[in-house]
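Student: The lines below spell out each chain.
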Amino acid sequence: MIVNKKTKLILTIASVLVFLLLIGLAESFLDPFLRRILNVAGIYVILAVSLNLINGFTGQFSLGHAGFMAIGAYTAALLYMSPALKAMNFFIQPLIWPLSEIQIPFFFALIVGGAVAAVAGFAVGAPCLRVGGDYLAIVTFGFAEIIRVILNNLQGITNGPLGLKGLPTYTNLWWTWGWALFTIYFIKKLVDSSYGRALKSIREDEVAAEAMGINLFKHKTLAFVVGAFFAGIGGGLLGSLLMTIDPNSFNINLTFQIVMIILLGGLGSITGSIVMGVTFAFLMEFLRFVESPMNVFGMVIPGIAGMRMLIFAVILVITVIFFRRGLFGQKEFSWDWFSRTGRRNPE
Amino acid sequence: MSLLKLEKVTKRFGGLTAVSDFNLDLEKGELVGLIGPNGAGKTTIFNLITNTYMVSEGKISLDGKDVTGMKTDRITAVGIARTFQNIRLFSELSAFDNVRTACHLRLKSSVLSAVFGLPGYRKEETEIEHRTKVLLNTLGLEKYEKDLAGSLPYGLQRKLEIARALATDPKVLLLDEPAAGMNPEETLALGALILRIRKEFNLTVLLIEHDMSLVMSICERIVVLDHGVTIARGLPKEIQNNPEVITAYLGTGDLYA
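Read top to bottom, the protein sequences are chains G and C. If you're matching positions, the first sequence starts at 1 in this note's numbering and goes up one per residue. If you're matching positions, the second sequence starts at 1 in this note's numbering and goes up one per residue.
What the hints contain is simulated information worked out from the structure, not anything from laboratory work. Do not rely on the hints blindly, as some may be mistaken.
Here are the simulated lysine-lysine pairs, DSS-like style, with alpha carbons at most 30 angstroms apart [unchecked claim]:
#1 C/Lys108 <-> G/Lys5
#2 G/Lys189 <-> G/Lys6
#3 C/Lys133 <-> G/Lys331
#4 G/Lys218 <-> C/Lys133
#5 G/Lys6 <-> C/Lys123
#6 C/Lys108 <-> G/Lys218
#7 G/Lys5 <-> C/Lys146
#8 C/Lys5 <-> C/Lys59
#9 G/Lys218 <-> C/Lys59
#10 C/Lys143 <-> G/Lys189
#11 C/Lys123 <-> G/Lys189
#12 G/Lys218 <-> C/Lys171
#13 C/Lys59 <-> G/Lys6
#14 C/Lys237 <-> C/Lys146
#15 C/Lys59 <-> G/Lys5
#16 G/Lys8 <-> C/Lys108
#17 C/Lys146 <-> G/Lys6
#18 C/Lys65 <-> G/Lys189
#19 C/Lys143 <-> G/Lys188
#20 C/Lys171 <-> G/Lys188
#21 C/Lys146 <-> G/Lys188
#22 G/Lys218 <-> C/Lys65
#23 C/Lys143 <-> G/Lys8
#24 G/Lys8 <-> C/Lys146
#25 G/Lys5 <-> C/Lys65
#26 C/Lys59 <-> G/Lys331
#27 G/Lys218 <-> C/Lys143
#28 G/Lys188 <-> C/Lys59
#29 C/Lys143 <-> G/Lys331
#30 G/Lys6 <-> C/Lys133
#31 G/Lys218 <-> C/Lys71
#32 C/Lys123 <-> G/Lys218
#33 G/Lys188 <-> C/Lys108
#34 C/Lys123 <-> G/Lys8
#35 G/Lys331 <-> C/Lys123
#36 C/Lys71 <-> G/Lys8
#37 G/Lys188 <-> G/Lys165
Among chain G residues calculated to face chain C with C-beta under 7 angstroms, some are [what the hints assert, rightly or not]:
#38 Ile92
#39 Gln93
#40 Pro94
Computed from a predicted model, the values in this text were never measured in an experiment. Built from N, CA and C at the ideal position, the CB exists for glycine as well.
Could you put together the complete structure from these sequences and hints?
Tutor: Now the structure itself:
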């Protein structure tokens, strides 16, 4: 039995409401440590789903996500910081004029951050009409590095390598998961629409897509602009959560974490990105112990920084061997899952 | 006036001239066959018409409008659709979605109205679904609409390619070896099908095909290429008895030539 459309809509709305209730409870009762992990999880979900739009659904393998995040984080931070805080941060070289006086609410700062990242997304997406595959990965990686270098050197705007410190903490579970839900909604509706089918057709066969009248330039840049917008939002949220940002925190490692999430979850599966985004956030915390000194059967192992990433690498290798296309492949969650399991196990 | 007109079209790849001085006049509603031995430049001509390859010299026009050098997706939009010799379906998408995707170029709604499901978009989406159903029915593919295109048998994949090309709402349909890999009965049915869709969708068809029984039975005119040069053109009967065509296909028979 397939669950009918109306029931599905009711189930979806109900589960979103329950989810919001849980967020509310978590925000008021959970301890700060778990709250923080959940916040990071929400941000990972935003980043993974938006990168999946570019890499998974459109098939344009981008390594530029950290660059878009950096743009969003810096733009937003420079807009929501108070003039006094900015003056304190920029003690080597003062912040250039209008920025030093402006302060706008967090929400609008995030939106502007996302919009500026989207413009950068257009700038990267446009030339990628000429390159594909490995070359595109290199071009986008180069773009992210350029952003990092620019941020390091524009002392008068970004405070250079000193970064921005003491950012006000606006980010809470409402912000992160609110945006995460909106990201999921937006991108899910996009990939299910006629535009989404055009994006997937580009992934499947670019020559055939173009021959069927799909404008490659328009649709590739569409994927980059939307993906970059949400990456910018994610960056803005992350900045306010960590309370400090500097150019080098937006390096290739950050992009690789997101790429790993979408590979593990499945290229082209939003469900996979969500599940793995949350799992990844928790594993990152709970695997911290492997980096501290350990005593294994009388043998003392000194703490090695970076051991966690080694474990993730092993997980990635195992996943690739047993689930060649990630845990979810291209499948998405649907309420039919329950009815189908119900049919298989009638008791 | 002719619908699709190619004038002195030439394509060079470095020192190799793949197509030279090719002329073609397709009248509205015609079904013309393009034949020739392997490597004669038939598919190259399709690639030139759709600007997958850029023409080196010459002019291509549709309905009196110059379309030479127009971008491939624009050419499809003005009304030239094609199928591929080495099937190029979107294999991870369902048969239904393959056809729906080809309707996308006529979509007027914006991205945001699609994402937020505004009434204008929903109406267009319903029309697209309806159109897709009709096309799948016409090609006899309605049973397979949920199957992944890549999992369909070869013959059905060829039909799905035709359905997908028709979804772009073309005036001219370019068919590249639609009968390749089909058995004689299937080929016979395909011939009838091509005649039927031409009538139903007011098409003008240019057909590349190696199966001579099909070409001779349905084409009104035939153009023969060899090494990029047009060696003959005329009615099927004339082509069948043309000594040059026979030589091109079978050789001269003179061992010491």
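Student: Is G/Lys218 close enough to C/Lys143, meaning Cα to Cα at most 30 angstroms?
Tutor: violated, 34 angstroms
Student: So, as I understand it, the hint says G/Ile92 touches chain C; can you test that by seeing if any CB pair is closer than 7 angstroms?
Tutor: Since chain C brings no Cβ nearer than about 43 angstroms to G/Ile92, farther than 7 angstroms, the hint is violated.
Student: Quickly compare the C-alpha distance for C/Lys143 and G/Lys188 to 30 angstroms and report which way the hint goes.
Tutor: holds, 27 angstroms
Student: Check the hint pairing G/Lys6 with C/Lys133 against an upper bound of 30 angstroms on the C-alpha distance.
Tutor: holds, 23 angstroms
Student: Tell me if the straight-line CA distance from G/Lys6 to C/Lys123 falls inside 30 angstroms.
Tutor: holds, 19 angstroms
Student: Are G/Lys5 and C/Lys65 close enough, with their CA atoms no more than 30 angstroms apart?
Tutor: Violated, because 47 angstroms separates the two Cα atoms, which is more than 30 angstroms.
Student: Measure nothing beyond the straight line between the CA atoms of G/Lys218 and C/Lys71; if it is 30 angstroms or shorter, mark the hint as holding.
Tutor: holds, 13 angstroms
Student: Under the criterion that the straight-line Cα-Cα distance not exceed 30 angstroms, is the pair C/Lys123, G/Lys189 satisfied?
Tutor: Roughly 16 angstroms between the alpha carbons, so the hint for C/Lys123 and G/Lys189 holds.
Student: Would the hint linking C/Lys59 and G/Lys331 be met if the CA-CA limit is 30 angstroms?
Tutor: Since the Cα atoms of C/Lys59 and G/Lys331 sit roughly 47 angstroms apart, the hinted pair is violated (cutoff 30 angstroms).
Student: Does G/Lys188 pair with G/Lys165 here, judged by a C-alpha cut-off of 30 angstroms?
Tutor: Violated. G/Lys188 to G/Lys165 sits at ~35 angstroms, over the 30 angstroms cutoff.
Student: Starting from G/Lys8, check that the Cα of C/Lys108 is at most 30 angstroms away, please.
Tutor: holds, 29 angstroms
Student: Run the distance test for C/Lys133 versus G/Lys331: straight-line Cα separation, threshold 30 angstroms.
Tutor: Satisfied, since the Cα-Cα distance of roughly 24 angstroms is no more than 30 angstroms.
When each numbered hint is compared with the structure, violations occur for hints 13, 14, 15, 18, 20, 25, 26, 27, 28, 36, 37, 38, 39, 40.
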